[in-house]
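Colleague: Each chain is listed here by its residues.
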Amino acid sequence: MVFGVGKRSLYIDFLAVIVVTIIAVVSLYGLYIHSKMKEHFNHQIQHETYITIQALEKNLATLLSSYAINEYEKLVYTEMELKEPLAIVVNDFNMAKVMGEEQYITGFIALHEGKIDSFESSNPIHLEALKASFYHEKRHLIDADNQQIGEITVYMSDTKMKQKLQEAFIDTIVGVILLILILIFILLLAIKRMALVPLTQMTCTISNADSDGIPTTAIPHMHYKEIAIVAESINAMLETIKSSRILLHESHEEAIKLLALNRLIIETIPDLLWLKDADGKYLLCNDKFEQLYGAKEQDIIGKCDYDFVEPALADFFRANDVKAMQAGHAVANEERLAFASDGRMGLFQTTKVPLVKEDGTVIGVMGIAHDVTEYKMLIDELDKLRKLYLSLLNTIPLNIVRFDIQGKITFANKTFLNLLHVKHEDLIGTNGYDLYPPMIAEEYRQKDEKVILSKKMLQTTHIFSLPPHMTQKIIEVIRIPILDGEENVKEIQVIFWDVTEKISKEQELEYSAKHDSLTGLPNRFLFNELIQKAMYRCKRKEKLLALLFIDLDGFKTINDSFGHEAGDEVLKTIAGRLEAIFRTEDVIARIGGDEFVVAVSELSSENEIIALIDRLLIDIHQPIFYQNEQLHELHISASVGVTFYPQEEDIGSEALLRQSDQAMYQAKLQGKNRYHVFDLHVNSFLKTNQKRIEEIEDAIKNDAFALFYQPKVDMKEGRVIGFEALLRWQHPEEGLLYPDSFLPLLHHDKTLMVLLGEWVFKTAFRQYALWREKGFSFGLSINMSAHEFKEPKMFTLIQGLLKEYAINPEAIELEILETSALEDMKKAKEIIQHYKALGLKIALDDFGTGYSTLSYLKELPVDTLKIDKSFVIDMLHDSGSFSILEAAMGLADAFRCDVVAEGVESIEHGTMLVQLGFRYAQGYVVAKAMPAQSVMGWVSHYEGFTEWQKIHCSMVDKNLIFASIEHCHWFHMLQNYVTNPKHNARPELNSSLCRFGEWMNKDAKKTYRNTEALSFLESLHEQIHTKAQAMVMQKTDEASRLKTLEEIQNLHRIIVYHIKQLS
Amino acid sequence: MVTQGFKQFFIIMGLLACLTQLSFAAKPKLVYLSSDLRIPFWSIMDRGIQRQATALGYEIVSYSANNDAKSELEFTAKAIKEGVAGIIVSPTNSSACVTILKMAKNAGIPVVISDIGTESGEYVSYISSDNYEGAYQIGKVLARHLHTLKWNDGSVGIISIPQKRTNGKARTTGFMKAMDEAGIKAADLKQQVTFSYQETYDFSKELITNNADLRAIWLQGSDRYQGALNAIEDSGKKGQIALICFDAEPEFLEMIPKGILVGAAMQQPFLMGEEAVNAMHKHLKGEKVEHTVRLPILPVSSESIEKQLPMIKRNVLGVLY
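Note that the protein sequences, when read in sequence, are chains L and A. Sequential numbering of the first sequence, starting at 1, is according to the numbering used here. Sequential numbering of the second sequence, starting at 1, is according to the numbering used here.
Note that these hints are calculated values from the structure, not bench results. For glycine and all other residues, C-beta sits at the position ideal for the given N, C-alpha and C. One should not assume that every hint holds.
Within a straight-line C-alpha distance of at most 20 Å, the following computed EDC-like cross-link-like pairs (lysine to aspartate or glutamate) qualify [to be verified]:
no., chain 1, residue 1, chain 2, residue 2
1, L, K97, A, E82
2, A, K140, A, E303
3, L, K97, A, E206
4, A, K81, L, E101
5, A, K70, L, D143
6, L, K1027, L, D1003
7, A, K78, L, E102
8, L, K539, L, E529
9, A, K102, L, D117
10, A, K70, L, E733
11, L, K74, A, E119
12, L, K716, L, E947
13, L, K450, L, E476
14, L, K97, A, D68
15, A, K70, L, E151
16, L, K841, L, E905
17, L, K74, A, E122
18, A, K102, L, E102
19, A, K102, L, E120
20, A, K70, L, E102
21, A, K81, L, E102
22, A, K70, L, E476
23, A, K105, L, E120
24, L, K539, L, E602
25, A, K105, L, E101
26, L, K1060, L, E908
27, A, K78, L, E101
28, L, K572, L, E595
29, L, K408, L, E358
30, A, K102, L, E602
31, L, K701, L, E733
32, L, K160, L, E128
33, L, K543, L, E606
34, A, K105, L, D117
35, L, K160, L, E39
Over the 12 Å line for every Cβ pair with chain L, so calculated as not near, a few chain A residues [stated by the list, open to error]:
no., residue
36, L149
37, Q198
38, D223
39, K285
40, R314
All chains, full assembly: derive it from the sequences and hints.
Modeller: Take a look at the structure:
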């Protein structure tokens, strides 16, 4: 639809009005501005003139009076340049006088823009220009004496003003035109956007209508109030029209939907559904029903049952229909139906409901047939199961009874009925709690409530008093909650059975487990339980507990002499005597072969027990008669260790027992048949050791131990022959610890010592295997403590390690301490032979410090003697040590052992050892023990010492070595004596009585023919003794004493040197 | 016969008088406008002008404005009224010279400026001294002196004429060039205001006190030399600080050889006066004249004074005997 054809646009009229109005307004405004500007320029010219003349007036007067014509002319010129007047004219009265003229006029005039000329009073153009000036102002120039000395006149032209006005006019015109154009543009744009565009939008929207002429879309939201009101009114009208149309449409749709929903319900329902009128003709049926008659709904509607089934069945259906219609309410019946669609048969529960109109007229009947075939089958199945379950419950030998939460019995099996000797019907319905006396009933009730609350099964053991005679039985009971659909406990099923016999057997077992079968006394296990109770009791009552550890003296002898039966008799008798001495509340136990413990509790003081112990010792010592083939009078005594509880520090029963054991051991050591009270002070020291031992245990676990390796070398050949593995402890607080600081603690702790030994052997073997992979071909020595040596476990371990790492056993040498391992020579020999049988080598460590007898070396098949380092260290100045080394060398030769000298600390030591015939050495001068990772590097660099390699043993004169050592020994004694005379023996000061002197006088003179050398040595010896005598006898100050000692030392060196020269 | 004789006498006398008058009237007149003839410099210049003008057959009149602007203008107006052939002017200052030149131009009289100069205006020639070169040369004299005494590590103090004057700037620049070349540092520069004895004395004292290493004072004038000498003596530095001057005083002819003064740069006022007249003469004859003439300044030291003495006497001091 097109609106407004042939009408003039509103826009044209708007344009005309706006243009005329704006031009008029802006032009008037322009005229006003122009006149204002003119006025402003006039004022500005006058003001500028005033400023100029004011400035000049002041300065010119001074310059005029000082005849500085050029200066004031420059000033005037400058002003001309700055202010741009038409002209500035100065009349100088002074100069007029000087020149003898009427007036002396100077100044400047600017006739042309930018050009300033000197004013010439005679120039008519200049004069004309002045006359035509727009404005001028004249001032008199007054000197300091108030005399008029000249005049100044400033002339202003209006040219500039006119020019400015013209420029302003043009600017205004241009501005006005621009303004007009902008205003027109903005106004038109505004009108268009604010009014015309919305109106056009509205008309466009309205024109876009449907076939009914109703606009299809609403008029969009309008920004301006007035237009928005119009648009909203139109929209409201449109909405009303549309709503009416939609409502109409929706009612129609609703009706269709409702019909579809009804149909859907009818079709979705799993049952057969149909409607008949009062005459039995079908009005409607669903698809399930269609299957029954094997026909489509449209074929069924309008027909009756007689058209589809046998007349008899049709009669049956009809009769039921009529019954329902007559009854006026639903009527149900069961009927077996055969489906025409697939021949299927089914049992159906059919409900027929009369269809009644509002006025009560019955117009038909609705039928619904529900298939109950499967349901019926399930019911039958369940019934069978129930019967099976009942027969099971009734045959099982467990008592089963079920009751509700009020206690009313709902079920009881035959076992239970038999137990109670009642009939099922007599019991059912009765209250179960009434079967028991009130107290027991209450106990049961509490347990049942627990099950009801927790909804969990509960298993308990009760004493069950069996009605009617209340025979007591021990029963095991299980209470099972039976929940309903809402998870609430509906009933409780109780199952219980008799365990009386089983329990009594267990008790017997427990008794035998906790008691000594011989004496009937508690054993160690029960004792531990009982003593803890006793300790707790004493602590609570603030009483003392005395723990006695009783060990029979000489029991082994009785056993050995008279047999075990006699021993048993003794033990039984002692047990009886102990029971006789102590109270029943005291704990008496047998914890070992001949070891008894007694915990006497609730003592008021330690003294109370002493009397008892005295009696105990006497009673035990009483003769015991034993009859076998003949009657024997046996005598036995006891050593008793005593300790008390509580103590200052908290202590457990195990530690208490250990204390009493230690005290008993002390009693034994003190001579037996006595008691010893545990000393707590001694104990604290032991505790410290104990702490250290615990640390060692931890260190083994935490791998805090390490093995260092010290090389053994062949001094003559300068090569490495092997390493000795040495134990180090990397202590977290104390740093690296040597074995001396911790191993002695383990001497009495065999277990730990062996444990540590195992660690050592495992580590050493593992390391050796690693080296061997890298080409290591030396021997490895491993130390073995006395405990390890005697421990068969160690043998097995080493045997296993040799296999595990496939190590050649000859490369491994076990170093056994001479002093500790060889206490039992026979045993030692046996063990060594075992190890040797494996192929291992055996070394005797620290040789020389122990027995070192010829016989034992002969007995023991050792491969190496390791000479104790104390001899080696002292050998240079101790002839005793030297002799031992010499002897050891002899022994080794005799028994064909290798000898290794330990503690070689200097090249000098090594030299002397080589001279004595030693070949192998170990010590700091070679290398200190080093970590495993350093070993390979060290070996690759070791070259030995040439000093050792060049010695020819055959040429060594041991006599001379001995002589040197003797002299060294004498000098050391002197040195020590001088340094500390109180604590050191004085050496022999007489030259012929000292041992070296004796050797000189006897052996040397016989052996060595070089008399010249001998007499020189003799004189030196004499000299050194003279000096020593003087030093010792005369009381000189320390400084001179030390100086003399130094001289003596030099002499000593010379003597040693000359001794060597004797050979 | 007597009458005849008288007649003849009067006729002869009259002729003589006419001749005399003629001869007098024929001499063109020059005027020398001096700022102050009381000052020796201008007085010596005046003598040079007088001598050369007379020698060239001019009548010469000298007016001394005594440093007064009004007098200077009055003398100018007077000279113009007299219709002189030319004006030689040593103006009171270069600004006043502009008005003189303007007045002369209006009257059509040529002007030669002798010293001082003008800010603007038209003139025939400007005769001046070469202050820059003179100061440079006297600086070299001082540098040599200090080197000889091995005082060249010391500094030189300057008491100058106002530095806004062209000649003041030229003097300082020339002198400093010589000092820079010799590697001698300047201690300080004090500008004269009153040109008095006391001012010179005070400035000298300050220079000596403030600069421990001061080895010489250069006075850019001549007449107040005694102030500087007294200050040196009063500071106990006599013989340790040298004095050197610009311009000349007659007593310098004795003081320089005695070593009281190291030397002086001497302008030649007598010669300047002569040259001013020569320029005017050339112009009047219609010859081309150099617009600017710079006359040398004599660097006088004890070594050179003897040789330069005749020139100093004539051109500097205006002594012609």
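Colleague: Which hints from the list above does the structure break, by number from lowest to highest?
Modeller: 3, 6, 10, 16, 22, 29, 30
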